[in-house]
Structure formats: C-alpha cells, structure tokens
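Using the hints provided, position chain B with the ligands relative to the given structure of chain A.
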Amino acid sequence: MTGSAPAGGSATHAGDTRMVTGWGRCTRSVAHMVQVTSVEDVSHAVTNAGVRGVVARGAGRSYGDASQNGGGSLLDLSALNQARLSSDGALVTVGAGLRLDDLMRWLLPQGLMVPVSPGTGRVTIGGMIAADVHGKNHHVDGSFGSHVASLDLIDGRGEQRRLNPEQPEFWATVGGMGLTGVITSVAFRPLRVETAYAVVNVERFARLQALMDAMREQDRRRRYTVAWLDNVGTGGPVGRGILATGDNAAIGDLDPSRMGDPLRLSQDRALTAPRTVPSGLLNRASVGTFNAAWFAWEGRPRTGEIQHLTRFFHPLDRVERWNHIYGRKGFIQYQFVVPDNAGSVVEEVLAALHRAGAPSFLTVLKRFGEGNPGPLSFPMPGWTLALDLPVAGSGLKDVLPALDRMVVEAGGRFYLAKDAHASPSSFAKGYPRLDEWRRCRDTLDPERRFVSDLARRLELVPPG
Amino acid sequence: MRDGMGRIQHVLLIGGTSDIGRAIVASLRPSEGTVLAGRDPDALRTAASGLASAGLPNVTTCPFVAGDGRANEESLTQALQGRDVDVVIVAVGELGDQRLIEAEPSEGSRLATSTYVGGLEGSLIGSRLLASQGHGTLVVLSSVAALRPRRSNFVYGSAKAGLDFLARGLRDALRGTGVDVVLVRPGFVHSRMTEGLPAAPLAITPSAVGAQVARILARRAGGRRAAGSVVYAPPALRYVMAVLRALPGPVFRRLPL
Ligand SMILES: Cc1cc2nc3c(=O)[nH]c(=O)nc-3n(C[C@H](O)[C@H](O)[C@H](O)COP(=O)(O)OP(=O)(O)OC[C@H]3O[C@@H](n4cnc5c(N)ncnc54)[C@H](O)[C@@H]3O)c2cc1C
Ligand SMILES: NC(=O)c1ccc[n+]([C@@H]2O[C@H](COP(=O)([O-])OP(=O)(O)OC[C@H]3O[C@@H](n4cnc5c(N)ncnc54)[C@H](OP(=O)(O)O)[C@@H]3O)[C@@H](O)[C@H]2O)c1
Numbered sequence: 001m002t003g004s005a006p007a008g009g010s011a012t013h014a015g016d017t018r019m020v021t022g023w024g025r026c027t028r029s030v031a032h033m034v035q036v037t038s039v040e041d042v043s044h045a046v047t048n049a050g051v052r053g054v055v056a057r058g059a060g061r062s063y064g065d066a067s068q069n070g071g072g073s074l075l076d077l078s079a080l081n082q083a084r085l086s087s088d089g090a091l092v093t094v095g096a097g098l099r100l101d102d103l104m105r106w107l108l109p110q111g112l113m114v115p116v117s118p119g120t121g122r123v124t125i126g127g128m129i130a131a132d133v134h135g136k137n138h139h140v141d142g143s144f145g146s147h148v149a150s151l152d153l154i155d156g157r158g159e160q161r162r163l164n165p166e167q168p169e170f171w172a173t174v175g176g177m178g179l180t181g182v183i184t185s186v187a188f189r190p191l192r193v194e195t196a197y198a199v200v201n202v203e204r205f206a207r208l209q210a211l212m213d214a215m216r217e218q219d220r221r222r223r224y225t226v227a228w229l230d231n232v233g234t235g236g237p238v239g240r241g242i243l244a245t246g247d248n249a250a251i252g253d254l255d256p257s258r259m260g261d262p263l264r265l266s267q268d269r270a271l272t273a274p275r276t277v278p279s280g281l282l283n284r285a286s287v288g289t290f291n292a293a294w295f296a297w298e299g300r301p302r303t304g305e306i307q308h309l310t311r312f313f314h315p316l317d318r319v320e321r322w323n324h325i326y327g328r329k330g331f332i333q334y335q336f337v338v339p340d341n342a343g344s345v346v347e348e349v350l351a352a353l354h355r356a357g358a359p360s361f362l363t364v365l366k367r368f369g370e371g372n373p374g375p376l377s378f379p380m381p382g383w384t385l386a387l388d389l390p391v392a393g394s395g396l397k398d399v400l401p402a403l404d405r406m407v408v409e410a411g412g413r414f415y416l417a418k419d420a421h422a423s424p425s426s427f428a429k430g431y432p433r434l435d436e437w438r439r440c441r442d443t444l445d446p447e448r449r450f451v452s453d454l455a456r457r458l459e460l461v462p463p464g
Numbered sequence: 001m002r003d004g005m006g007r008i009q010h011v012l013l014i015g016g017t018s019d020i021g022r023a024i025v026a027s028l029r030p031s032e033g034t035v036l037a038g039r040d041p042d043a044l045r046t047a048a049s050g051l052a053s054a055g056l057p058n059v060t061t062c063p064f065v066a067g068d069g070r071a072n073e074e075s076l077t078q079a080l081q082g083r084d085v086d087v088v089i090v091a092v093g094e095l096g097d098q099r100l101i102e103a104e105p106s107e108g109s110r111l112a113t114s115t116y117v118g119g120l121e122g123s124l125i126g127s128r129l130l131a132s133q134g135h136g137t138l139v140v141l142s143s144v145a146a147l148r149p150r151r152s153n154f155v156y157g158s159a160k161a162g163l164d165f166l167a168r169g170l171r172d173a174l175r176g177t178g179v180d181v182v183l184v185r186p187g188f189v190h191s192r193m194t195e196g197l198p199a200a201p202l203a204i205t206p207s208a209v210g211a212q213v214a215r216i217l218a219r220r221a222g223g224r225r226a227a228g229s230v231v232y233a234p235p236a237l238r239y240v241m242a243v244l245r246a247l248p249g250p251v252f253r254r255l256p257l
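So the sequence lines, in the order shown, correspond to chains A and B. With the numbering used here, the residue at position 265 of the first sequence is 265, and numbering never jumps. With the numbering used here, the residue at position 112 of the second sequence is 112, and numbering never jumps.
So here's chain A without its partners, still in its complex pose (with noise of 0.2 Å):
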C-alpha cells in the first residue's frame, strides 16, 4: 500500500528541521522531523531523544498542537503503512502510519469497513488511536479504540510492547495523544458492509431544540446520526440547522444500477483551495455565503439517498487543504461535549458567540453514548459541539474563557485533538481522572522523552 507524507498543518522545510503546525495552521514551532522505516528505528529515535523529546505525528490533521513538539524530534511513520486481515476476515492489523482514506480503498472491495470513522479519511490509524476519534456512529459504536483488540507501543525505554484492553497502559495509550509512547501497528475488528454506500435521510430544522430532540429520537432508530447548524444565520442566534441520518446500505437498498458492483470505490476528485487569502477573507459575510450554500444543498431534505461511505463520511475531503482559506492566523476548532442534562449549553454558547460576532464556518452537534476506560478518552454521554472559528479579526480572545467556563460548570470537557485554547486548569477540570493517566504514562515513560507542545501548554507531562 502507498503512504503519503505527514503535511496537515503546514511543515516548511529547512533540512529536516521544520516550522510545523497543526491543521488550524494557528500554532507553530520548530522541530526536527525523523523519517522512520521500520520498528527498530523507531525504538532508535526514542532512545536517541534530546531533551525536548520526541513524539509521533501522524498526518497533521488534529487541529491544535498535538502533534507539534518545539525543538524536539517529531517521527513520521508514513513508511509504517502495511495492512493485513487474518484469515477469519475477523481482525485486520495495519502500521500506525497507514492512512485511512488508503485502508478504506483496501478495505471496502473486501466487504469490510473501519468500526469508526472521523469526518476525514487523512488521518493516520496511529492518530485515531491516541485521539480515540469517534465518528457519526458514536450513540452505537462508541470511538476507535473500543474495537481495537491490541497494539503494539514502543516505550519511553525504546521496548515493545504488545497491548490489550485487559492493560491499564492499553487505555492510557488509547486518548494518550502520543504521550505514553509510539504506536507502531493496531489490530482492530473491521465492520462488514454488504456495500460501499449509505442510505441518507436529511432533515432541516428552525430551531435547535427541535433539531436536539429529534436526535435524541433518531438516535435510537439509526447508525449514524449528525447535525450541522447554521451559526450565523438571520432567524436569530442559532437559526437553523440540518439533521442528517442513516445507515449502512444493504444490497436490495441499491438502484440495480449499482448491485452489480455494490462495493465499488468512490470516484470522486478533490478540488484545492487557493493558497493563499489574506487574513480575514472569511469574515461574516463569506461565512454566512458558505453556510447558505452547504444548507442549500446538503440541506436539502431527502430521504433514503444513497451516499457513498467515502462522501457521507468524509465529506470535507473533496476540497484539499480547505484549512488555508482562513488566512495566516488559522482558525480553532472548539469543540467541547457537555452531559445530556447540560444541552441547554450548546445554545449558550451558540448565543454567546453570535454576540460576540464570531462567525462559524462549520459547526457540527452530535450526541455521543458511553464512553470508555480511557482516562483521556474525549467521549462521554452527552452532547459534543465543534465549532471552527477564524481567529483573524474576531473576538474569540475574549469571549473563549467565559465559554471555557460554561462548558467546565456544567460539567463538560474539550477535545485534545482539536484543542488550541483550554488552559491547564480549564483542561485538568474536565477529566478527574488526569493522575491516573500521568502515574500510568510514568511507568510507561520514567524519563519522560514523549512529550509536545500540547502537553507542554496544558501541563499534561509535568515540566523538569
């Protein structure tokens, strides 16, 4: 299988030292990027950290700087991408460097799927791992990591080992964001499709309280359920929004057109965005344009749409590096989940940042099931909202905190993956278990060599 290199954010070359940054392009550092080939160079690069350490970084596409590691060795394990399925059709392991948008391509003529998929195919396995990504299906599926039945970690000492869900170190690894060591090969348990499409239902709604409810009675009928909201329309704050639903396409579901070849792959090009727009070109007025035109069409309702998986899952794809048309100041994604009985708060801060005129390019609401053991692990009951805010010419350093404050009274946490803006306090108050990630992380790593930027600003890894 082919890999490709770990761009995302951008990684302006100068040697093997780079300025990186993460897919928000609103962070950035220098690091130094080491190529890995096989297992052993990976227990190498570990060994050989320098005092700024050294953490994996997949293909860039977390939002914030998770995989940056200022000054330190970042590992590219783009070359780790080989993929195997056992002979029962039962488990498939793959190198933590492959890419999901390439395993889907392998997979999906075999009548097989990834258990959970995030709303992008460039993602790394290794970095769905230590973000625990969940996707659409969460109310059902729960994220990537409750599928996986065992990893392989190379140590903070430069050892393998070979993980199970049985492990503590197995949950810290899994939502560990890198920090408990690098994941070198994961084997999961594929879903079986019968097609390679979806069956599509799409609704649109005035107001966000009936949209919510209706999730909350979809979500017990479908596999995959979300919701797009239009954050700076003109019926009042929180105007409208578009519930889409579905599941996977059975044979009969298809038009004969397509039985015969129900497993065919999506032929779909992407389109790139320009390179370069000054900061800001996204203002008001662009979003409202962008928002308009996505609800008119992926809005419109419908029912029983067939959707290839590869347009319904990871829509966004079509338009590469889409991230640069916020500018040279990037944007946040802000994405927090709150518990069910706290889902007036999406409205909050909704209202909020209608107020404070920051306009939301995409903003997508979702409602997750239970979580899992992983103490990081972002899941948890409740209603998740991400939001992705330029950063240019908005106000977002001001009204962020207040909304920072919302999301952690009522009991709510934010997403490391995406997140460029909790502070360590902020961050620690969302997850009670932190202590008992870190004293796990420790016997993992004793000298601390895993560590990034990320954990640097939210004081994951304590500093010394």
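Hints may be right or wrong, so weigh each one.
Unchecked claim - Below 25 Å or equal to it, Euclidean Cα-Cα: the simulated SDA-like pairs (lysine to any residue) are:
| id | chain 1 | residue 1 | chain 2 | residue 2 |
| --- | --- | --- | --- | --- |
| 1 | A | K397 | B | A208 |
| 2 | A | K429 | A | A352 |
| 3 | A | K429 | B | R29 |
| 4 | A | K397 | B | S31 |
| 5 | A | K397 | B | G228 |
Claimed, not checked - Not close to chain A: a few residues of chain B, all C-beta gaps over 12 Å, as computed:
| id | residue |
| --- | --- |
| 6 | M1 |
| 7 | G4 |
| 8 | D40 |
| 9 | P63 |
| 10 | S75 |
| 11 | L80 |
| 12 | D97 |
| 13 | G108 |
| 14 | V117 |
| 15 | L130 |
| 16 | S191 |
| 17 | L197 |
| 18 | A208 |
| 19 | V230 |
| 20 | V240 |
Derived from the structure by calculation, the hints contain no laboratory data. Glycine included, every Cβ here is placed at the ideal spot set by N, Cα and C.
Chain B with the ligands alone, transformed into the frame defined by chain A:
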C-alpha cells in the same frame, strides 16, 4: 506555549524592576507565570507583588546582574523550572550621567556594563533559551538614542547602538529557529530612568509602550513577521528619526537635543 489565539502563558523579564518592562508584561497578561530577573531582591519583590495584585498569576523572581555571564544563564534557566517561555523581554540598562562620565571615565565603563553587557547577556541567553524550544519572541529594548550620537547622551547612545546592532544580528541568526526578535526603540519615556529630566517632544508613558508592544506581538503571532520587527515608540518617531538622521552635522548639532 502560546495558544492558537496567540495568548501568552509565560514571560521572562530581564530587568525585572524596569518600568517599561513591567508595563509590557502587564499588557501581555501572561496566563500562567512571569519571572522577574534583576539585581535588587527587595525591589524585585515589590515589583512582583505589584504585578500579582494587577492579577498576574505565579510571579517569581531570580537574580540577574549585568556582567555575571554564566551565573545569569544558570539563574534564568533554573527560574524557568523546565517550562517553556513565550516571551523574553530585555529591559536592562541605565542612562548614566554624561557630564560625570566625561569627567570620570570609569563611570562610563559602569554604564557600558549595565546597558550594553547587561543587554547583551539578556539577549544572548534569552535567544538561546528560545531557540532550544523552537518557538518564542525576544523583545529587546534599544532606544532612539542608538541612532545618532547626541551631545547630551552619546555614551549611553553608544551602548544602546551596540545592543541595537546585536539584536539585528540575532534576528538574522535566528531565522528558521522559530524565534522572533522584536527590536523596540522608544523615545523619551516617563520612567524611573528619566525621572527629573525635562520631557522631550513625543514623550510617552510606560503603559503606552506596553500596549504598543503587546499589539505588535499579537499581530506577529499570526505569522505576519514582515510587519513591525523594529518598533518605534511612539510610532511617529520612525519619521522623526528618519529626518534627524538625514540632517547635516552642522544643523543637527545646533538642535537642542
Ligand atoms: C476535517 C477533519 C474532520 C475531523 N473529524 C473528526 C471526527 O469526526 N471525530 C474525531 O474524533 N476527530 C476528528 N478529527 C480529528 C482527527 O481525527 C484527529 O486529530 C486525529 O488524531 C488526526 O490524526 P493524524 O494522523 O493526523 O494525527 P496527528 O494530528 O499528526 O497527531 C494527533 C495526535 O496523535 C499522536 N499520534 C499520531 N500518530 C501516532 C502514533 N503512531 N503513535 C502514538 N501517537 C501518535 C500525535 O502525537 C498527536 O498527539 C477531524 C479532523 C479534521 C481535519
Ligand atoms: N525611559 C526611557 O526614556 C527609555 C528610552 C529608550 C529606551 N529605554 C530603555 O528601556 C529599558 C527599560 O528602561 P526603563 O525606562 O524601564 O528604566 P528603569 O525602570 O530604570 O529600568 C532599568 C532596569 O535595568 C536594571 N539594571 C540597570 N543596571 C543593571 C545592572 N547592572 N544589572 C542588572 N540590572 C540592571 C534596573 O534594575 P534596578 O532596579 O536594580 O536598578 C531596572 O530593572 C532600558 O534598557 C532603557 O535603556 C528607556
């Protein structure tokens, strides 16, 4: 580590009691901690409690004495306790007494130690700390006095000119390391340094310098490194200085500067 909005977590102020330096820190509002480095422990303590009562968390102090070289490096490194620092401000210096120096040359070497050597040590140690972490901003306080020798303060001016030169050299040397150098050239600032002196035209307050530097840092945090690597405070001085530097000697000497 700065967050995605450019908010600053940790600041190190070298010349921890400096009026201008403290005003810059107050405008930057570091969210996690501030280290004040200086030579007078009592004055540092007072400065620290002042910033703490202005709402800044974890303000600590450490020794820094111009000329102490290695000891300064150890002191600053230790004070950071393994944490990254987002902004290092170098605000060491003394104005000295030009007439006294002309009469007593050893006073000149004292001024050179405080103003040039102190500034050099702060800048070199600061840039090393920042470069090793792959990100951060070094703010160096130069002066418009560095731009053209004036009868009233050219010894001070010579020390500042040396520091100005050093900072520009560092800016180039640090390309590709993730470290940004901002050179600040204030005019007359109402501070302890200028207490009792007649104010020059375009005189400003330390807080005005602080606010201006904070604005520039916020702009540059977004990668707009082209704008504002040399900052005049107030900004109008850029043009005034351009004119003054171009004046022929005989005219310049007749100005009451
Ligand atoms: C358009 C878009 C949509 C998204 N939608 C979702 C979504 O719906 N749900 C969701 O959960 N997330 C979503 N994400 C976030 C994304 O899934 C995570 O940030 C993921 O971690 C990115 O993987 P990556 O390979 O790019 O890793 P990177 O961003 O490079 O790294 C992320 C973290 O993983 C660690 N890491 C990477 N590889 C390894 C390894 N081999 N061993 C140990 N640690 C490793 C890094 O150290 C870092 O801490 C989305 C992102 C984008 C850009
Ligand atoms: N004020 C102006 O008009 C003006 C104009 C242009 C540039 N500047 C520059 O701005 C910077 C800050 O000045 P300021 O106006 O804020 O004056 P300030 O309040 O007097 O600050 C000067 C600082 O330098 C420290 N210092 C002096 N000599 C030292 C030494 N030998 N070792 C260690 N520390 C020493 C002082 O410490 P102590 O408290 O121990 O004395 C004090 O912290 C200086 O570099 C100055 O040259 C000032």
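Cross-check of the supplied hints:
no. : hint                : verdict
1   : K397(A) <-> A208(B) : 21 Å, holds
2   : K429(A) <-> A352(A) : 22 Å, holds
3   : K429(A) <-> R29(B)  : 22 Å, holds
4   : K397(A) <-> S31(B)  : 12 Å, holds
5   : K397(A) <-> G228(B) : 22 Å, holds
6   : M1                  : 4 Å, violated
7   : G4                  : 3 Å, violated
8   : D40                 : 28 Å, holds
9   : P63                 : 20 Å, holds
10  : S75                 : 17 Å, holds
11  : L80                 : 9 Å, violated
12  : D97                 : 43 Å, holds
13  : G108                : 39 Å, holds
14  : V117                : 27 Å, holds
15  : L130                : 9 Å, violated
16  : S191                : 28 Å, holds
17  : L197                : 38 Å, holds
18  : A208                : 21 Å, holds
19  : V230                : 20 Å, holds
20  : V240                : 30 Å, holds
In terms of the numbered hints stated before, the structure departs from hints 6, 7, 11, 15, listed from lowest to highest.
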